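With the hints as constraints, model all of the structure from the sequences given.
To convert a position in the sequence shown, counted from 1, into the numbering used here, add 3.
Hints listed in this document are in silico derivations from the structure and should not be mistaken for laboratory results.
Given the structure is predicted, the values throughout are model-derived calculations rather than measurements.
Derived pair list, reagent style DSS-like, types lysine-lysine, alpha-carbon separation capped at 27 Å:
1) 131 to 121
2) 107 to 127
3) 81 to 38
Beta-carbon label-pair distances, calculated as ranges:
4) 36 to 9: 13 to 21 Å
5) 10 to 153: 24 to 32 Å
6) 128 to 12: 32 to 40 Å
7) 18 to 40: 13 to 21 Å
8) 40 to 153: 31 to 39 Å
9) 90 to 116: 19 to 27 Å
For glycine and all other residues, C-beta sits at the position ideal for the given N, C-alpha and C.
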Amino acid sequence: MITFTPTRNIDLIETVGNHPDIIAGSNNGDGYDYKPECRYFEVNVHGQFGGIVYYNEIQPLTFDCHAMYLPEIRGFSKEIGLTFWRYILTNTTVQCVTSFAARKFRHGQMYCAMIGLKRVGTIKKYFKGVDDVTFYAATREELTDFLNNGR
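Written as structure tokens, this is what we have:
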């Protein structure tokens with residue numbers, strides 16, 4: 004069973020965000036700082052803490068979503084992502100979801116596609132004028148269809 008618990012525990016969020024395995028897949032390996040404008044959730048998989056998922060409402064009803072999974076639970080990442088979509092579709096009125104992954108972070112790009120987001124484009128030199136980033140998005144209807152039909 005996967006559960007999401009809202010949290011504002013800054014120490015926990017920053018500890019997870021600055022875990023070496025998470026920094027390795029981030030934008031140029033920078034550390035993570037808590038952002039008060041984000042909604043954070045502790046992820047538990049079968050009773051084991053596994054990381055943080057969060058979103059920032061970047062436009063009304065548009066959530067920029069990201070995940071920081073610890074290595075121990077990454078085998079459940081697809082299930083967590085799909086369960087998180089169900090959670091936010093049930094508990095919010097979100098109409099559009101976005102995310103992005105650095106070009107060097109192929110696993111992040113594959114993850115976005117695996118959980119139903121569609122590639123919308125790449126911005127060159129997005130991170131510090133060095134690394135490209137690929138953006139992904141889906142509407143509420145597209146996520147619902149993906150969850151119901153797997154496509």
